[in-house]
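Based on the provided sequences and hints, a complete structural model is requested.
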Amino acid sequence: MSEFAGSQYLIEVIYLIASALFILSLKWMSSPATARHGIWAGELGMVLAIAGTLLHHGMDYRWIAVGLVLGSGIGIPLGMVHMTAVPQRTALSHAFGALCVTLVGTAEFYLGTQSSSKFGMSVLSMEVILGGLTFTGSLMAAGKLQEILPQRPITYKGQNLVNFLLFGIAVASAVYLVFHPEQKLFFPLIVGVSLIFGILLIIPIGGADMPTVISLLNGYAGLSAAAMGFVLKNKLLIIAGALDGSSGLILSVIMSKAMNRSFTNVLFGAFGQVQASAAGGAEAKPVHSATPEEAAAILTAANKVVIVPGYGMAVAQAQHKVRELYDILSKKGVEVRFAIHPVAGRMPGHMNVLLAEADIPYDRLIEMDEINGDFPQTDVALVIGANDVTNPAARSDHSSPIFGMPILDVDKAHTVMVIKRSMSPGFAGIDNPLYYLDNTLMLFGDAKQFVGAIVRELSGGH
Amino acid sequence: MGSNLIDLLFIFMLACFIGFEVIRHVSPLLHTPLMSLTNALDAIAVVGAIVLVGEHKSNFATVLGVIAIVAATSNVVGGFFITDRMLKMFKSSRPTKP
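Chains as they are written, first to last, in our numbering: chain V, 8 to 469; chain W, 1204 to 1301.
Check each hint, because a few of them may be wrong.
[What the hints assert, rightly or not] SDA-like mimics (lysine to any residue), calculated; alpha carbons at most 20 Å apart, straight line:
hint: 1; chain 1: V; residue 1: Lys242; chain 2: V; residue 2: Ser38
hint: 2; chain 1: V; residue 1: Lys419; chain 2: V; residue 2: Ser296
hint: 3; chain 1: V; residue 1: Lys242; chain 2: V; residue 2: Ser429
hint: 4; chain 1: W; residue 1: Lys1291; chain 2: V; residue 2: Ala365
hint: 5; chain 1: V; residue 1: Lys338; chain 2: W; residue 2: Ser1295
hint: 6; chain 1: V; residue 1: Lys34; chain 2: W; residue 2: His1228
hint: 7; chain 1: V; residue 1: Lys292; chain 2: V; residue 2: Met449
hint: 8; chain 1: W; residue 1: Lys1294; chain 2: V; residue 2: Arg371
hint: 9; chain 1: W; residue 1: Lys1260; chain 2: V; residue 2: Leu62
hint: 10; chain 1: V; residue 1: Lys455; chain 2: V; residue 2: Lys419
hint: 11; chain 1: W; residue 1: Lys1291; chain 2: V; residue 2: Ser38
hint: 12; chain 1: V; residue 1: Lys240; chain 2: V; residue 2: His63
hint: 13; chain 1: W; residue 1: Lys1294; chain 2: V; residue 2: Pro368
hint: 14; chain 1: V; residue 1: Lys242; chain 2: W; residue 2: Phe1213
hint: 15; chain 1: V; residue 1: Lys125; chain 2: W; residue 2: His1228
hint: 16; chain 1: V; residue 1: Lys240; chain 2: W; residue 2: His1259
hint: 17; chain 1: V; residue 1: Lys242; chain 2: V; residue 2: Asp366
hint: 18; chain 1: V; residue 1: Lys242; chain 2: W; residue 2: Lys1291
hint: 19; chain 1: V; residue 1: Lys191; chain 2: V; residue 2: Leu118
hint: 20; chain 1: V; residue 1: Lys264; chain 2: V; residue 2: Arg402
hint: 21; chain 1: V; residue 1: Lys339; chain 2: V; residue 2: Asp366
hint: 22; chain 1: W; residue 1: Lys1260; chain 2: V; residue 2: Gly119
hint: 23; chain 1: W; residue 1: Lys1291; chain 2: V; residue 2: Arg371
hint: 24; chain 1: V; residue 1: Lys240; chain 2: W; residue 2: Val1254
hint: 25; chain 1: V; residue 1: Lys34; chain 2: W; residue 2: Phe1220
hint: 26; chain 1: V; residue 1: Lys419; chain 2: V; residue 2: Pro368
hint: 27; chain 1: V; residue 1: Lys311; chain 2: V; residue 2: Gln384
hint: 28; chain 1: W; residue 1: Lys1291; chain 2: V; residue 2: Leu51
hint: 29; chain 1: W; residue 1: Lys1291; chain 2: V; residue 2: His327
[To be verified] Simulated DEER-style distance windows between Cβ atoms:
hint: 30; chain 1: V; residue 1: Asn267; chain 2: W; residue 2: Ser1295; range: 41 to 47 Å
hint: 31; chain 1: W; residue 1: Ser1295; chain 2: V; residue 2: Leu51; range: 35 to 41 Å
hint: 32; chain 1: V; residue 1: Thr120; chain 2: W; residue 2: Ile1209; range: 16 to 22 Å
hint: 33; chain 1: W; residue 1: Arg1227; chain 2: V; residue 2: Ser337; range: 32 to 38 Å
hint: 34; chain 1: W; residue 1: Arg1227; chain 2: V; residue 2: Asn310; range: 49 to 55 Å
hint: 35; chain 1: W; residue 1: Ile1209; chain 2: V; residue 2: His187; range: 22 to 28 Å
hint: 36; chain 1: W; residue 1: Arg1227; chain 2: V; residue 2: Leu17; range: 33 to 39 Å
Honestly, the hints are just simulated from the structure, not real lab data. All residues carry an ideal CB built from backbone N, CA and C; glycine is no exception.
This is the structure in structure tokens:
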């Protein structure tokens, strides 16, 4: 280091500037008005950091260039995916991030740079454990979201015990390796067990739990990068990893609160337990249903309409039809707002992005806590493809698996209209008493077609 | 080494606190772009891979390092790109301030 102290100092100063830019980048994300500055700050920081790193002495640039070019080639299509594919793209990029960390950790181990120090070995083990489980876990999550893998949670007896044991083996091997660094065979064992653990961790996860899980994997990816920073004594990496880690953990806490789960419940991956207690009571209770014509008439007569979107809207790709409905009702002087539940969809903020894509102004998208008080003064609550987040059983029925989960109080609106394919219960298999209320009208059909039919009715009757 | 480790832990702790404070104030509206942005920033791990490949200490390390560079760079490029696309879509119904 003393030999090249000059360039070393320069690199450190560049990293310092990049760290500041990264923090500013996240700070500017706090509001849509400044968010795009945030990207520029982040990009500038990234370019500086990579350029600074290339200043290291005695570098062989050929393979670096190959990697950068190939990576950019893969990154561009990954940045151009449809907005509906954003959850799986995000999961995939967590996997890539974790892959990078795991590979670098593995290379560092076999180069033997860390074996001399117990601390170096500990953080290196932490790096590959977190990296390994995040890599396979995120691939599994991406597969489920892309529907390559079954979305249904797969559970078996003793699942938590098996997972706990596997994780225990990984940690115990790591501890052993720290004290006996000459036992090199333990390293592939740690990596292998972590990879398997990541798969098994995500197997019991159902689609409704995805927002929490994606956030958690985001946090793990960040922490593994921070661990890599400790291994390489790279302060920029520690800072970026800590920022990403805390971001992921905050989001998973927000998501778990929105599903009334404790944080420990989330951290230790006890997902998917809700699904076990599916209600079997599907007896034919009477429901009121309505046609698009009737729905259009009710909407025209309303003053205040709140639309509640859910994953069903994303699946049916109905957001553009919903925008047409928003436009036509707004023109008729109806006040239309959107109620966004934190866990609606498959990742944090999923609904906001889809509705923004359809050009719905973001100030019309209202958070749960803000809009819940307004439902009693709302003429029509139109639920499109959302189920559990509107289930009043969460407020009143102590035996319901989702009891205590904060919900959108759509049942307090004068009229509730629910667009739904059929009466089959939602993903969690929980019956929704909302559908049997006297003020609820069921609109049976595909979300996109049904909203389209309402729009045609509204524009034709003008 | 000892003081160096403590220094790094201090940096980690402070960065975590900054992260919590800054991200607590991010509007839930932007949680999806926030996640893709942190993903792109997290791909700063590419610098570790670059040093690894550049030093070329063994063929094994270089191969792993190149794959790592590819994975991380795709996150950098894809992450910033899609975050920008998402944020461009968020429009207010009120006229935008100059």
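Given pair status - His1228(W), Lys125(V), alpha carbons within 20 Å: Violated: Lys125(V) and His1228(W) sit about 38 Å apart, past 20 Å.
CB-CB spacing for Ile1209(W) and Thr120(V) relative to the 16 to 22 Å hint: holds, 20 Å
20 Å limit on alpha-carbon distance, applied to hinted pair Lys242(V) and Ser38(V): This hinted pair is violated, its Cα atoms lying about 28 Å apart.
Holds or violated: Lys240(V) to Val1254(W), with C-alpha atoms at most 20 Å apart: Status holds; Cα separation ~12 Å.
Distance restraint between Lys34(V) and His1228(W), which requires alpha-carbon spacing of 20 Å or less: holds, 8 Å
Given pair status - Gln384(V), Lys311(V), alpha carbons within 20 Å: holds, 8 Å
Restraint status (C-alpha distance of Lys339(V) to Asp366(V) at most 20 Å): Within the cut-off at roughly 19 Å; holds.
Cβ distance range 41 to 47 Å for Asn267(V) and Ser1295(W), holds or violated: Once the Cβ atoms are compared, 33 Å apart, the range 41 to 47 Å for Ser1295(W) and Asn267(V) is violated.
Restraint check for Lys1294(W) with Pro368(V), where alpha carbons must lie at most 20 Å apart: holds, 5 Å
Pairwise hint evaluation, His327(V) against Lys1291(W), where the allowed Cα distance is 20 Å at most: Roughly 17 Å between the alpha carbons, so the hint for Lys1291(W) and His327(V) holds.
Distance restraint between Lys1260(W) and Leu62(V), which requires alpha-carbon spacing of 20 Å or less: holds, 18 Å
Agreement of Lys455(V) and Lys419(V) with the hint, judged by alpha carbon distance not exceeding 20 Å: Violated, at roughly 25 Å.
Comparing the model with each earlier hint shows violations of hints 1, 3, 10, 15, 17, 18, 26, 30, 31 and 34; every other hint is respected.
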